[in-house]
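Got chain A; can you put chain B on it based on the hints?
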Amino acid sequence: MSEGARAHRSNGGRRAWAVIALVIVLGAFGYLLYGGLDRNIVYFLTPQELLAKGTRAQDVPVRLGGQVVPGSVVWNAETLDLRFRVTDGAKDVAVHSTGAPPQMFRDGMGVVVEGRYGRDGIFQSSNLMVKHSNEYRAPAEGESPSEAYKSLIKEPSA
Amino acid sequence: MTRLIGADAILIALLIAVVGFALAMFGARRGRTTLIEAAYACVYTVFALITVATLAMIYALVTHDFSVSYVAQVGSRSTPTFFTVISLWGSLEGSILFWAWVLSLYSAAVVFLNRRREGLLVPYATATLFFVSIFFLILLVGPANPFLLMSPVPPDGPGPNPLLQNHVLMAVHPPLLYLGYVGMSVPFAFAVGAMLAGELKSAEWIRITRRWTLSAWGFLSLAIVAGMWWSYEVLGWGGYWAWDPVENASFLPWLTATAFLHSVMVQERRGMLRLWNLNLIVATFLLTILGTFLTRSGVLSSVHAFSEGPIGVYFLTFIAIVLVLTVAMVAGNSQQLRGAGRLDTVVSREAVFLFNNLFLTVFTFTVLLGTLFPLLAEAVRGVKVSVGEPFFNRMTLPVCAALLFLMGVGPSLPWKRMAPAEARRRLMAPAIGAVAGFVVGWLFGARNVYALLIFTFAAFAAVANVREFAEGTRARMRNLGERMPVALARLVGATRRRFGGYTAHLGVITLSVAVAASSTFRTERDATLLPGESLVVGGYEVRFNEMVGREEPQRTVIAADLTVLRGGREVGRMDPRLNYYRVQEQPVPTPSVRSRPAGDLYVNLMAFTPDGGQATIRVIVEPLVPWIWFGGAVVALGALISIFPTGRRRVAEATAERAVPSRQPAYPLTAAPTTNAADRA
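Chains as they are written, first to last, in the working numbering: chain A, 1 to 158; chain B, 1001 to 1681.
Keep in mind that a hint or two might mislead.
If you want a taste of the chain B side facing chain A, the calculated C-beta under 10 Å gives, among others [unchecked claim]:
| hint | residue |
| --- | --- |
| 1 | L1369 |
| 2 | D1526 |
| 3 | V1593 |
A few chain A residues that don't get close to chain B, going by computed Cβ distances all over 12 Å [unchecked claim]:
| hint | residue |
| --- | --- |
| 4 | L51 |
| 5 | T87 |
| 6 | G89 |
| 7 | D92 |
| 8 | Q124 |
Treat the hints as calculated values from the structure; they're not laboratory data. No residue lacks a Cβ here, since even glycine has one placed at the ideal position from N, Cα and C.
Excised from the complex, chain A in its bound form:
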């Protein structure tokens, strides 16, 4: 067999191998991608949209956005159980979460809760995010932390 022919044959063999490897890798990647995206997309819904989806919205990961209904917040500091309702003005949904609420958590503020809407009609939150308003608003008169937490401040102001 001539040198050229041997080189030619092994080239063909290598190319076939390369193509096979490429197809396998890309195929596996495509499969994972399809399954991955399909199962791991989290829909962002308002209470109204969530309730409109009915049972289809149950037990799938959802991000629920809205305002905390004033007066609905119940927090047990001992068990770290936090319950409140989230509204979009039209409908509201009961939310339960475990763990401490962020210090800034208040009535009427914008929140995004990540979790699942259970069959019992309660949204189990695994992650509670407080919506930072992008515009900074200085605290209202008498609400500034230096006044509200005066008893905690020991040193003279710098």
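Frame of chain A, contents of chain B only:
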């Protein structure tokens, strides 16, 4: 006054950049040296002008000149001077100014270092850099003008975003990121320059490009790790990477640049992959622009802001122009881009590089898709979705494991070909390491498949890379009678490029293991405590003493005073805080971190009662976290080692390899630097 100096400097810089672009293009086309030299003078002038504008902005910030719109936006009389200066890059307009300055700095450096070089490569690269500069200067004159007049002049401003003035790393992360991001414009400029000059076949442009990519890549690596550190120290959830779009934007060009740094070696050695490398450079540049677009236009922080503000349209237009022009140029040069060499066998280093590139491309594509999918979904289907961590982890962790595997195979195999039996022998030690890595991970209690994969293949790669250092050092000690530290230093010094690469590998391995360990063995607990009560987590007892408050000029600090005990003995005190900035109702949490080589104790103050009678804290014990930052520094050290030119190394290595063609390792055994620098460019 300051405002006018800044605004005029930007305007004149734009005009000179346009002139410089025309001079460089025209001079290169006609081969007129005088025009090209005039274009080079324009580069220096633009650099000087943008420097003036940047200094004017810093001056305006420091003197609280609220007639300047940017100062009115981010300045405040109560902000400490340090944070006032670094708020230069704290918001859109200032960051574009800083970007333009870094680009003009890079342009000046490129021209200065290459001004004597013959041929048209550098003139055309200069024209390309001008082209990019013009885009950013247009932004500064138009939609992102930081020097607008405020009327009436406000007495005070809101100060920088509290999150950005809460930590010193904000002074480190953004400049590094810009040095990395903007630095990727230089390889792009040389790629375009080589195409325009018809010098694609010369080895010169790829050699220049490699070094510039390496330096930008080193900065980008540091920037990403500094960003992780910042988010760990500031955001209060005890994590450092959340596959957040902003993080992904910085990671994408890093991936393609990493792919380039590997595949460029195949081109240099074997003349293969010319077209591919060109595409990687262009892709890296476009990803930096895309990343800036994503993070600066507000597209991602709020999916609705797409049409809000004109800056996004500018970026999209620029990306489209660059894409069309480069695709046309690549197509026009396709004849020159045909590869020369061929792959000999799958059991060779170049084959490993091919797989490395395949996986890095897959990695890039996955991250890009996950990042952009919410935009696509909203545009096409009108639904708001987010793609969270599960998707990214599931998709990328297997790829990470594969890349770690290749990181071990690559250094173990020679270029061209090797007998399979020999290859098996070379891979035996790393394989034993892999088994050990798996067993150790398992014994420590890791049951997560991905974590075990990472431990296994990280150990595999660690053995292979450490062996390169060990064998080379031993050879020198035996053959030249050098002592161990001397032998190691000379080994690395004489083959900087190769051992710089292995050093970077060791950094990535360290980082991977630390990330896997800290996320796998993490323990976290929340509790509401009364004074004197304790929370026990992972062997630490954290006792709450009292709440303490403190007034500072720009903020009120409320802290929980905590005592940390281990085995009943006090080992330290911690004070997680909530910082209330004057300008914002919501406090910025500031966790307290106690770092030890074995791991971190991370405490965040979640809530407290106004009378200080109760505090809710979150305590997280995370092993090995400091090694993430250390690994990042080692990666950058590797880049630094590789950057420095060594003329003698090339000769020595080439000679050594010719002498022993198919055996690895082939170490240069020159004890003293040889004087033969003939191969130097």
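Checked hints:
{"no.": "1", "hint": "L1369", "in the structure": "holds, 7 Å"}
{"no.": "2", "hint": "D1526", "in the structure": "holds, 5 Å"}
{"no.": "3", "hint": "V1593", "in the structure": "violated, 19 Å"}
{"no.": "4", "hint": "L51", "in the structure": "holds, 16 Å"}
{"no.": "5", "hint": "T87", "in the structure": "holds, 18 Å"}
{"no.": "6", "hint": "G89", "in the structure": "holds, 17 Å"}
{"no.": "7", "hint": "D92", "in the structure": "holds, 19 Å"}
{"no.": "8", "hint": "Q124", "in the structure": "holds, 16 Å"}
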